[in-house]
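> Spelled out, the chains give:
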Amino acid sequence: MFGISDPGIWLAYLLALVCLFYSIWFGVTHWNKDDEDSTNPQQPEK
Amino acid sequence: MNTLTLGIVVIIYMFILAWLGYIGYKQTKNASDYLLGGRKVNPIIMALSYGATFISASAIVGFGGVAATFGMGIQWLCLLNMFMGVVIAFIIFGRNTRKLGEKYNARTFPQLLGLHYNSRAIQIFIAAIIFIGMPLYAAVVMKGGAVFIEQMFHIDLHLALLIFTLIVAAYVITGGIKGVLYTDALQAVIMFACMLFLLFWFYRVMDMGFIEANRKLTEIAPLVPERFKEVGHQGWTAMPVTGSPQWYTLVTSLILGVGIGCLAQPQLVVRFMMVESTKQLNRGVLIGCVFLIVTVGAIYHVGALSNLFFLKTEGVVASEAIKDMDKIIPLFIDRAMPEWFSAVFMLCILSASMSTLSAQFHTMGASFGADMFPKLGHRKNANSTIGVRIGVLCSILVSYIICYTLSAGVIARGTALFMGICAATFLPAYFCSLFWKKATKEGALASLWTGALASLFAMLFLHKAEAGAVGLCNLLFGRDVLIDVYPWFAIDPILFALPLSTLAMVLVSLITYKKQDI
Numbered sequence: 001m002f003g004i005s006d007p008g009i010w011l012a013y014l015l016a017l018v019c020l021f022y023s024i025w026f027g028v029t030h031w032n033k034d035d036e037d038s039t040n041p042q043q044p045e046k
Numbered sequence: 001m002n003t004l005t006l007g008i009v010v011i012i013y014m015f016i017l018a019w020l021g022y023i024g025y026k027q028t029k030n031a032s033d034y035l036l037g038g039r040k041v042n043p044i045i046m047a048l049s050y051g052a053t054f055i056s057a058s059a060i061v062g063f064g065g066v067a068a069t070f071g072m073g074i075q076w077l078c079l080l081n082m083f084m085g086v087v088i089a090f091i092i093f094g095r096n097t098r099k100l101g102e103k104y105n106a107r108t109f110p111q112l113l114g115l116h117y118n119s120r121a122i123q124i125f126i127a128a129i130i131f132i133g134m135p136l137y138a139a140v141v142m143k144g145g146a147v148f149i150e151q152m153f154h155i156d157l158h159l160a161l162l163i164f165t166l167i168v169a170a171y172v173i174t175g176g177i178k179g180v181l182y183t184d185a186l187q188a189v190i191m192f193a194c195m196l197f198l199l200f201w202f203y204r205v206m207d208m209g210f211i212e213a214n215r216k217l218t219e220i221a222p223l224v225p226e227r228f229k230e231v232g233h234q235g236w237t238a239m240p241v242t243g244s245p246q247w248y249t250l251v252t253s254l255i256l257g258v259g260i261g262c263l264a265q266p267q268l269v270v271r272f273m274m275v276e277s278t279k280q281l282n283r284g285v286l287i288g289c290v291f292l293i294v295t296v297g298a299i300y301h302v303g304a305l306s307n308l309f310f311l312k313t314e315g316v317v318a319s320e321a322i323k324d325m326d327k328i329i330p331l332f333i334d335r336a337m338p339e340w341f342s343a344v345f346m347l348c349i350l351s352a353s354m355s356t357l358s359a360q361f362h363t364m365g366a367s368f369g370a371d372m373f374p375k376l377g378h379r380k381n382a383n384s385t386i387g388v389r390i391g392v393l394c395s396i397l398v399s400y401i402i403c404y405t406l407s408a409g410v411i412a413r414g415t416a417l418f419m420g421i422c423a424a425t426f427l428p429a430y431f432c433s434l435f436w437k438k439a440t441k442e443g444a445l446a447s448l449w450t451g452a453l454a455s456l457f458a459m460l461f462l463h464k465a466e467a468g469a470v471g472l473c474n475l476l477f478g479r480d481v482l483i484d485v486y487p488w489f490a491i492d493p494i495l496f497a498l499p500l501s502t503l504a505m506v507l508v509s510l511i512t513y514k515k516q517d518i
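Listed in order, the protein sequences are those of chains A and B. The opening position of the first sequence corresponds to residue 1 in the working numbering, with each subsequent residue numbered one higher. The opening position of the second sequence corresponds to residue 1 in the working numbering, with each subsequent residue numbered one higher.
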């Protein structure tokens with residue numbers, strides 16, 4: 001695959017591409033998704 | 001491109017950095033702004049800053065040289081950088097870290113764990129490890145940038161190092177984290193553009209496609225120098241022989257050390273606490289991964305393929321054209337890329353160095369001023385940042401001195417070393433603070449001490465690469481390592497220290513859990 005015969009190498013390339021596509025999918029589908037209402041209280045310094 | 005033009009390009013770049021640092025300074029009103037950007041940092045700037053901090057000149061120059069010497073096996077590191085460094089870090093760790101940071105109003109990594117475990121000792125211990133250990137990593141990053149400048153422009157190494165260290169110091173000390181973030185974002189864009197061009201130009205120069213180049217690289221495997229064959233090198237498109245010294249270095253030090261170590265990097269973790277909501281982190285996943293595959297993936301790929309270029313132009317492979325692997329990428333850029341690109345690429349390396357350095361200096365300064373000596377400069381003003389600024393200054397001086405003591409070829413290993421120490425020392429306590437309710441203060445302290453001491457012991461007495469260089473084991477016992485039976489001396493300290501610190505965390509927490517509540 002990719003002109004590389006050793007699976008130890010082409011697997012790294014393949015998984016990196018899978019990871020890239022997953023991150024794109026995740027980023028796009030969760031672009032505006034939040035866990036909760038925005039909470040950012042200005043708390044006193046500890 | 002002549003020196004005058006180069007000088008002008010660099011001066012313009014420095015002015016832009018100074019301007020961004022000034023904006024950071026103007027927007028910094030209190031300690032929270034200085035340390036966390038008021039927790040309202042733009043997600044794109046945060047993600048770019050995260051990526052730029054992650055990818056230092058050592059990743060480009062050092063690991064690029066490793067790729068040129070040992071081949072594409074280093075692409076596993078690219079994968080782990082993306083998967084662990086972004087996907088797992090942002091989605092799994094980042095979300096909970098942000099919430100925890102907000103809950104405790106924590107402003108630094110040591111403060112986060114110290115407040116969670118309700119232990120000032122934990123906070124000080126982590127801060128001390130950062131303040132003592134991180135200068136080594138910072139020095140390695142400095143060295144990466146300096147080597148490149150020396151190689152490309154034949155100017156005095158010490159002078160170049162001094163100037164760019166002073167510039168980083170200026171915008172970190174004055175602009176705080178906002179100055180760091182804004183400059184990081186610009187630097188990330190420069191790095192991204194440069195790496196894309198590098199990839200494009202390589203194939204243009206070589207006049208071949210992706211698959212064809214990989215095949216050609218496979219075909220030249222018999223040209224691997226004998227000294228590398230002896231340690232397991234089988235060619236640039238093949239993994240080293242399983243269990244060989246090179247395999248252990250690649251898998252345990254470079255891939256696992258850096259790949260797992262990145263999860264517990266204080267300067268990266270703190271960025272999760274800078275954004276307002278989880279939504280911002282979700283956006284960061286996309287930006288971070290795209291950034292990493294283009295920057296890291298490209299330099300590792302082109303690094304390995306540079307052997308084809310050197311073979312075509314010099315008649316020998318990269319590691320024969322130049323023996324010091326840290327100098328392979330600079331030489332390759334000098335010979336293979338258009339002349340104007342050398343100047344732009346210099347900005348790329350400067351950017352990579354400065355973005356990582358600025359974050360390191362800021363983190364070390366925060367550890368000193370906000371964690372170890374929180375009352376420094378607070379007598380008159382509770383929001384004073386003078387302690388952090390003094391800490392930044394001290395960390396710069398220490399890193400600068402260490403940089404002069406580093407030997408050649410140390411860049412990639414130095415990075416892996418620090419990341420390995422971070423993982424072994426911080427990761428179990430950090431992970432458990434986010435996900436395990438039974439984790440106790442005693443467990444965290446035991447884990448931190450075990451991780452740090454086990455790492456130190458393994459480096460001084462077990463792992464030949466460090467133990468041999470330090471010489472303490474030789475002084476005490478008359479041999480480089482305590483166990484000189486292969487492969488024990490080739491296994492990275494992280495593989496001893498991380499399981500031990502994890503075990504300490506779990507066992508001590510289980511024993512002490514019933515006695516207290518966090």
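If you are wondering where the hints come from, they were derived from the structure by calculation, not from laboratory data. Since the structure is predicted, the reported quantities are computational estimates derived from the model, not experimental observations. The reader is advised that the hints may include incorrect statements.
What the hints assert, rightly or not - With a straight-line cut-off of 27 Å between C-alpha atoms, the simulated DSS-like cross-links for lysine-lysine are: (1) A:Lys33 <-> B:Lys323; (2) A:Lys33 <-> B:Lys103; (3) A:Lys33 <-> B:Lys26.
What the hints assert, rightly or not - A short list of chain B residues far from chain A (calculated; beta carbon distances all over 12 Å): (4) Met72; (5) Ile74; (6) Leu80; (7) Phe83; (8) Val86; (9) Ile91; (10) Gly133; (11) Glu150; (12) Lys279; (13) Val294; (14) Tyr300; (15) His301; (16) Glu442; (17) Leu472.
Heads up, the beta-carbon is just placed ideally off N, CA and C, and yes, glycines get one too.
> Are the hints correct? Go through all of them and say.
Outcome of the hint check:
Straight-line distance between C-alpha atoms of lysine 33 of chain A and lysine 323 of chain B comes to about 51 Å, which puts the hinted pair past the 27 Å bound. Only pairs whose Cα atoms come within 27 Å are accepted, and lysine 33 of chain A paired with lysine 103 of chain B is accepted, the gap being roughly 21 Å. Using a Cα cut-off of 27 Å, the hinted pair lysine 33 of chain A and lysine 26 of chain B is violated, with the two alpha carbons roughly 32 Å apart. Listed as outside the interface, methionine 72 of chain B is inconsistent with that label: its C-beta sits roughly 5 Å from the nearest C-beta of chain A, within the 12 Å cut-off.
Its beta-carbon lying about 9 Å from the closest one in chain A, isoleucine 74 of chain B breaks the requirement of being farther than 12 Å from that chain. Here leucine 80 of chain B does not stay apart from chain A, with its beta-carbon only about 9 Å from theirs, under the 12 Å limit. Distance check on phenylalanine 83 of chain B: its Cβ comes as close as 5 Å (rounded) to a Cβ of chain A, failing to clear the 12 Å threshold; non-interface status is violated. Valine 86 of chain B, annotated as away from the interface, has a beta carbon of chain A within 12 Å; the closest lies near 7 Å.
With a minimum CB-CB distance of about 7 Å to chain A, isoleucine 91 of chain B fails to clear the 12 Å threshold, and the non-interface call is violated. The non-interface label for glycine 133 of chain B is consistent with chain A: the shortest C-beta to C-beta separation is roughly 25 Å, beyond 12 Å. For glutamate 150 of chain B, the shortest C-beta to C-beta distance to chain A comes to about 32 Å, beyond the 12 Å cut-off, and the non-interface label holds. For lysine 279 of chain B, the condition that its CB be more than 12 Å from all CB atoms of chain A is violated, with the nearest at approximately 4 Å.
Consistency note on valine 294 of chain B: stated as away from chain A, yet its beta-carbon is not over 12 Å from all of that chain's, at 10 Å minimum. For tyrosine 300 of chain B, the shortest C-beta to C-beta distance to chain A comes to about 10 Å, within the 12 Å cut-off, and the non-interface label is violated. Non-interface status of histidine 301 of chain B relative to chain A is broken: a Cβ of that chain comes within 12 Å, the nearest being about 9 Å off. Listed as a non-interface residue, glutamate 442 of chain B keeps its Cβ farther than 12 Å from every Cβ of chain A; the least gap is roughly 22 Å.
Even its closest Cβ contact with chain A, about 36 Å, leaves leucine 472 of chain B beyond 12 Å, as expected for a residue assigned away from the interface.
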